Structures are given as structure tokens and as C-alpha cells.
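There are 2 protein chains.
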Amino acid sequence: MIVCKFGGTSVANAEQIKKVANIVKANPARKIIAVSAPGKRTDDDIKVTDLLIDLADSALHNIDVELKLNRVIERYADIAAELGLDDIIIKIIEADLRERLAADQSEKAQFIDSIKASGEDNNAKLIAAYFSSIGMPAKYISPKEGLIVNDLPERTFALPETYDNLKKLANVEEIIVFPGFFGYTKAGVLRTFDRGGSDITGSILASAVGAELYENFTDVDCVFSANPKVVNCPMEIKEITYREMRELSYAGFSVFHDEALMPVYKQGIPVNIKNTNNPAAPGTRIVPKRPATGSPVTGIATDSGFSILYVSKYLMNREVGFGRRLLQIIEEENISYEHTPSGLDDISVIMRSHQLNDEVEARIMKRVKEELQAEDVHFRHDFSMVVIVGEGMRHNTGLAARAATAISNTGANIEMINQGSSEVSLVFGVLSQYENQILKALYEEFFAHTTV
Amino acid sequence: MIVCKFGGTSVANAEQIKKVANIVKANPARKIIAVSAPGKRTDDDIKVTDLLIDLADSALHNIDVELKLNRVIERYADIAAELGLDDIIIKIIEADLRERLAADQSEKAQFIDSIKASGEDNNAKLIAAYFSSIGMPAKYISPKEGLIVNDLPERTFALPETYDNLKKLANVEEIIVFPGFFGYTKAGVLRTFDRGGSDITGSILASAVGAELYENFTDVDCVFSANPKVVNCPMEIKEITYREMRELSYAGFSVFHDEALMPVYKQGIPVNIKNTNNPAAPGTRIVPKRPATGSPVTGIATDSGFSILYVSKYLMNREVGFGRRLLQIIEEENISYEHTPSGLDDISVIMRSHQLNDEVEARIMKRVKEELQAEDVHFRHDFSMVVIVGEGMRHNTGLAARAATAISNTGANIEMINQGSSEVSLVFGVLSQYENQILKALYEEFFAHTTV
Chain A
1 MIVCKFGGTS VANAEQIKKV ANIVKANPAR KIIAVSAPGK RTDDDIKVTD LLIDLADSAL
61 HNIDVELKLN RVIERYADIA AELGLDDIII KIIEADLRER LAADQSEKAQ FIDSIKASGE
121 DNNAKLIAAY FSSIGMPAKY ISPKEGLIVN DLPERTFALP ETYDNLKKLA NVEEIIVFPG
181 FFGYTKAGVL RTFDRGGSDI TGSILASAVG AELYENFTDV DCVFSANPKV VNCPMEIKEI
241 TYREMRELSY AGFSVFHDEA LMPVYKQGIP VNIKNTNNPA APGTRIVPKR PATGSPVTGI
301 ATDSGFSILY VSKYLMNREV GFGRRLLQII EEENISYEHT PSGLDDISVI MRSHQLNDEV
361 EARIMKRVKE ELQAEDVHFR HDFSMVVIVG EGMRHNTGLA ARAATAISNT GANIEMINQG
421 SSEVSLVFGV LSQYENQILK ALYEEFFAHT TV
Chain B
1 MIVCKFGGTS VANAEQIKKV ANIVKANPAR KIIAVSAPGK RTDDDIKVTD LLIDLADSAL
61 HNIDVELKLN RVIERYADIA AELGLDDIII KIIEADLRER LAADQSEKAQ FIDSIKASGE
121 DNNAKLIAAY FSSIGMPAKY ISPKEGLIVN DLPERTFALP ETYDNLKKLA NVEEIIVFPG
181 FFGYTKAGVL RTFDRGGSDI TGSILASAVG AELYENFTDV DCVFSANPKV VNCPMEIKEI
241 TYREMRELSY AGFSVFHDEA LMPVYKQGIP VNIKNTNNPA APGTRIVPKR PATGSPVTGI
301 ATDSGFSILY VSKYLMNREV GFGRRLLQII EEENISYEHT PSGLDDISVI MRSHQLNDEV
361 EARIMKRVKE ELQAEDVHFR HDFSMVVIVG EGMRHNTGLA ARAATAISNT GANIEMINQG
421 SSEVSLVFGV LSQYENQILK ALYEEFFAHT TV
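Chains A and B are the protein sequences, given in the same order. The letter at position 278 of the first sequence is residue 278 when you use full-length UniProt numbering, and the numbering goes up by one with no holes. The letter at position 125 of the second sequence is residue 125 when you use full-length UniProt numbering, and the numbering goes up by one with no holes.
It is worth saying that the hints were derived from the structure and are not from the lab. Everything numeric in this text was worked out from a predicted model, so none of it was measured. Just so you know, not all the hints are guaranteed correct.
Since the list gives no way to pick one copy over another, a pair counts as held whenever it fits inside one copy or between any two copies.
Claimed, not checked - Pairs of lysine to any residue, SDA-like flavour, derived with a Cα cap of 25 Å: (1) K40 - R100; (2) K31 - I112; (3) K369 - N232; (4) K47 - Q110; (5) K289 - V377; (6) K440 - N396; (7) K266 - R30; (8) K289 - H378; (9) K369 - S336; (10) K266 - V287; (11) K440 - G398; (12) K366 - R324; (13) K108 - N334; (14) K47 - H378; (15) K266 - L315; (16) K369 - R325; (17) K289 - M262; (18) K289 - Y310; (19) K47 - C233; (20) K289 - S312; (21) K144 - V189; (22) K19 - V220.
Using the sequences and the hints given, assemble the complete structure.
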């Protein structure tokens, strides 16, 4: 059995949904599909989720509600008409939206979540109706049937019983169309996933039914070995391990949200990232293990927006617990950090800059100076991380040297190097102004002369 | 005013003590000297401190006490005779030792400390007597005059009031001869410093009197830029900053114990490491700041005996506090660590192997698996750290690349790189079997073609 997920652009309009039907029809193993809300049809289009957020906001302020509601319904009506569906489905969707809008607004976030999630929910109903109308028996299934999530205030995740609850879906005769992006708490409150929402739903379904494969349909042919906006025609990645994918997604490889991999990772279910617009392309397979290839490097990613907290104190390394107490201060400020390279008398904490502001920085510096009696404490900003990823790196003598040389040849100073854990990745910290230049240089070093 | 410290080999016999007198006489600014116990006269000699430890042990077991006592007294008697001193000083020393031996033995460590420290204490008395006998007015001063240390169980260090107490020594007319290695608690109990003891005493004295210079006399001409047992005729270091010295001393540069730098570091007092046997040589100066030289690298040190704890867990970096909790476990096992390189889903903790054994490792692995739900937890051993040190490295683009390339060319795999704090040092982790080969290769890369 295969579980498929179709992202927003794959279900943005009638033409796209017809492609989805053809893809599902082409392989009888495709029995369960998770769908997003209709995405952008063109680059300057507004996706339904954004229309819904706007609608929720209007409802909370009680302004233009009917107008905003109609904009949403029209999107579905256009799709339904082009798909040759009768008006019943639109009546169902309108009734559903009016019911959500009439609900209690006292818990604002909860109200917005409910309106937002209707995008996936109603699109699933519409797609199930379309499949049935063309002779593909299909059934909309609500997350109410067992996708149980935790309560506030933690980030949303599926509770363990979800997997037992949804196991039964494997026995449903019809093709299941399941809305992505949300679940319900034990008390029946709808909660959406934070990011990459439909990817997570598909991954949960694949894990629950023990799928042989999780196909993740999007609008690109594959994952590239480097950002195609910076590197000209980068190599396609045919096969990549979970670990590699995760390290790459850390730094800007946004094709697949890393948290979404967790449920399939635990089961060892392979993932195939494919293109709805070009389903014949093999896409990129994410697998637990893969055979060694000629190249030690699978991909190179870069990301900007990092800051470095530098702390130095004479004889620091004689103080048991210095590093731990420093990290405790960072943690108490609710800041997550990425790396902590250290010398003998100094340690740096590398974190994403968006968590900082002048006030937070001043408070951290004050605490570190006072509580740890550090001598020099300061922040530096505008750094990028460059991540070189590959399972083959572990046994490749000289790879760090090649990478460092390629970076230095651009004229950039290497501000940080972090290697030493799994060696599936090697991280360099550089000033952001050099980021693209370095990506090009590293791509040239590790890929330009490779043939597959 | 200059404070001098003379180490064990500098005061091992009459001939050496005459050299000390000449050195002190040569510069009237040399007003305070800290001295060690008589060290080895030849490579297979036993130093007085070791004779004293043996004596203390005999006393505790009440066996051969007179025999062992005589061995110690004979050493002093030989020195005194050759220096032409009359018998009084030996009577003083013998009376002192007998008094120490007759003391309460119920606190064993305290009893041993008292016997051990007599080596420095009595040598200071003897040297002061010799100076006076040749027309250099000198005065033995006991640490009782104000070198106050903390109580057990912490490592011994001088309490802040020490510096005020000893300020008055600046006004003493005579040359002060002060025994190194120990101080007294507020309750009057003698405690020795843990390592590099006389270096610390000299450093404390220099700081207390606000010396213009702290001269540390030992038996080598200078600090070398690399271990002369591995690298053939390495370059001498003429000037080095405190920070550089400290980073180098971390990995096997044992000329000067790093903790001893603390008191002079705080005052910015320069240190001159000189050779008692060749006082004309300029030695190595340790200074707060130094002008840039042609070479970005000041020294390269290596040290073996490191282990790596590897921990991996999928989505580790999403868990706030994972690293901090891991370090807490390590801390609770009383283990100090050196570096913590991290990937996205893995972190390594690098520590000195002598702190580990099978039982400790098993307990740590069990705790990390159970308390942090880590997926893979294991130890690896037999690593060396290679530390490249230099203030000039900070602005030297390409240095990491050159170092990594030189290491890789030896065939060694770079297991860890840690750069990113002050950039006064760059640390590589490698398998110990490659250590010497790598030191030679790095020396070749950074020093062989340099002229000063």
C-alpha cells in the first residue's frame, strides 16, 4: 500500500486535481491520499489558506465577513464547476464554513485554527467527491477518526494512540482522501500542525497503515544537490538517507519539512518526493540506507540569519560546569542554539538571530558576566551556516581540507568549523556576504567534475 | 622590582645555587626570589621532594625513620658544605624536620603535606643563609607572613587577602628568599599547591608587590614552537601572549603550568622564562599583547589520551535543553570535558580518557539512553588533540584550509575540528597513531619556510 500526499500547488485548481486523479489511478497501490488546501495557481495568486486567515480576521473584527467568505467559496465553486461536479459539494462547504464562523470566538487562536484548517478539510471532501464522480470509489475521512494531538501550550504533535487508531484505514475499500495539516485533541478541539502540516499528516498515515512507500507529491522534479537559484543546473539527488535529508533541510532545503519525516523514519518507510506535473520523473527517494555512490557529498545547503555569542574567561576549562551553566542561561531565555564550538578559555554559542533583540542580548550578556564572571561577552551578527552533507563523508580523508580550501579561495574567512559528530555533515560559519559565492565554490569542488 | 622563581634543577646543588646568586646579583632589581626544593642533580637522581614523601610514608608506618631522615639531611649538608656554610643551618633544618615528624599524624594528608613542603621551606632558609654569607643581605620569609590559602576539600588556591598581606614585602631592604609550593589556611594549617607549585608562589609574589617583571628560571633556554622530541630543532618562541601560552600548555607544553599565570595575568605583569644555566639567553617572554609577526602561528601542541562520547537522536536539535542535560550527566559523573562538536541530530563530547573506565562508561551510556532517550550512544578511544595556536590566526584567511590539507596529506582522517571561538587556537581531533606525523607535517607547513 502506498500513501500519497499532494501539496497545495498539486490541488490548486481543476486541472491539477485531474492530474492527481490520474496519478492515483495509475497505481492501484495508491490507496490513501493526504491533501492540502488549494494553493497558488500562479505566482501572484493568493492561496486558500491565506484567504481563510483573512476571513477569520474579518470575523473576529466583524467586518466584510460575507465578502471574505464568498472569495473562499468562489475558489471551490470554480474548481467544482470545472471538474463537472454538481452544486451539492459547494453547499456542503458553505454550510461547513458558516458553522465554523458561528462558533465561539472567545479562544481566538482556536477559532482561527478552525477556519484555517477548513481549507484542507473541505478540499478533501471536494476531491473525494470528484474521484467518486469519475468512477474511482473514494471516501473522505476526517482526522476526527483518530488523529489525536496534544493540548496547548506545546507545539502540536500526534499522540502515540493515533497510530493504533488509524491502522484500520488499511482495510477501507475505497480510496481514502484525508485532509492534511490538523488533528483533534482528546477534548475534540481542532489544532493545526506548526509547519509542513500536510507532509506530517501523510507521514503519520503511512506509518499507521505500515505503507510500503510514502509518496510526497509537490511541484518540483526532485531535490537538488544545491540551491538552483544560486548554482546553475545543480545535480538532482536520486537517493538520499533520512539523516542526509534532515541535515540539508536544516539549512534552507525547504522541499520537505524535516519534522514530517519522524513517523516514517521510525518505521523505516521510504519516501519518494515526486512532481505532480511530471509524474514520470523518478523524483528523489529518501531511504534509511543507500549504497555508496562515487561522490562523498550528497548536497550542500546554506542559510543566513545566525548570530554568535562569544564568551571568554581565563581558566574557563578548569571550571566544572561552565558550559552547562552558560547553556542553562540561554535556555532560560527560551533561545535554542545550534552549535557550541569552544577553545580552552572561550566558548561560542551559535543561534538563529530572529530569537534575539537588543533587550534579550543585553540581558544575556549581563547574566553571563555576573553569574559566570566571564571577562569578555559579546554578540556578533550576520553569519551564515554552510552545511555539506553526505553519508560518504565519514571515511573520506581530506574532505574537510578540500572544503576549507574552496571556501578560503573565495576570500572569505572561516569563522567557525564544526565537525566531529557523525561526519554525515560538516558545518562552516561564514559572514553572510560570502554565502552565495561559497555555495558556488563548494558545488564546483564537489560536484562539477562528477559523473553519475 | 623583579620577582624571580628558581625551579628544582636551578637549586639542586651548590653549583646551581651559586649560579642563582650570580643571577640575582647581576640585577639589583631582583629583590624577591621564590625557590623550589633541591631537584635532580642528574637524570637518575632522586629529588628532595620525593625523599620527603618517602620519609613521611616511613614515619606513618614507623619504619626506618632515622635512615630516611638522614638521607634528606645529607642532601642539605652536602650543599651547605660545598657552599662553605657552617653547621648551624643544618642544625636548624634537622630541628625543623624533627618537629614536623613529631607532629600529630591523625590527619594523614596534612602530615604528608607538612613534610613535603619542608623541602622548599628549608631550601629557602639555606639559600638566604648562603646569600648573606657572601655579602648579599638576604632574608628568609615564611608563607606564614601572609600567603593564606583556602580550606579543604577544594584544590588549593591563594585567598584574595594574600595579595594585600604580601604587599609589604616590597619595602624589605634585604633580598627576600621565599619558599614556593605552599601556604597556610586561616587556621594555620599548611597546604601545598597541586601542580606547578613554586611557579604559583612566584606569580603570587609578583602580583602582590606589583613587580615590573616575573622571571621564571628553569633549565631550558626557551619555549619551543613544537615539541623538540618530535620536531627537529623547532623554532624558539621569543614572545608569546598569555592566551597563546595557555592554549599551548593545554596540550603538553609543560614548561610553565597554566594556573600559575593567573595572578600575573590579572595584573598584566610580563613573565620571562629563562635558563639558570644560560642566563644570557633572552628566553621566552609571556606578555599581555605582542606586535604581529610574520607568522600567524606561534606554536603547535599535541596531546594524546582523549575519548569521544557520541550521542545521536533524531530531531535532537528540536529538543530545548538536550545538550545542557547531556552535559549535566557528564558533570554529575565528575568528568570534565574539552569540546562538544555537534551536528543536527548528534553531539560528541570530547574528554580526557583517564577519567573513564568500563563502569563509568556503562553508567553514562545507560543514563544518556534512558534519561535522554538517545538512539545511539557509544564511546571511542585513542584520540589525540592537535592544537594550533597564534594570535595572528584570527585574521588569516585560509589557515584552517592549510592545516586541514597538511593533516590529510599524512593519510590521517580528521575526526574533529573545533574552530569558532577566539581563533587564537584551532583544534583537530585525530587518531593517536597519527599524532607525531601530523605534528611534523604542520610544523613543516607553518614554520619550515619562515624566517624571523
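Which hint numbers does the structure go against, in order from smallest to largest?
-> Hints 2, 3, 14, 19 are the ones this structure does not satisfy, whereas the remaining hints hold.
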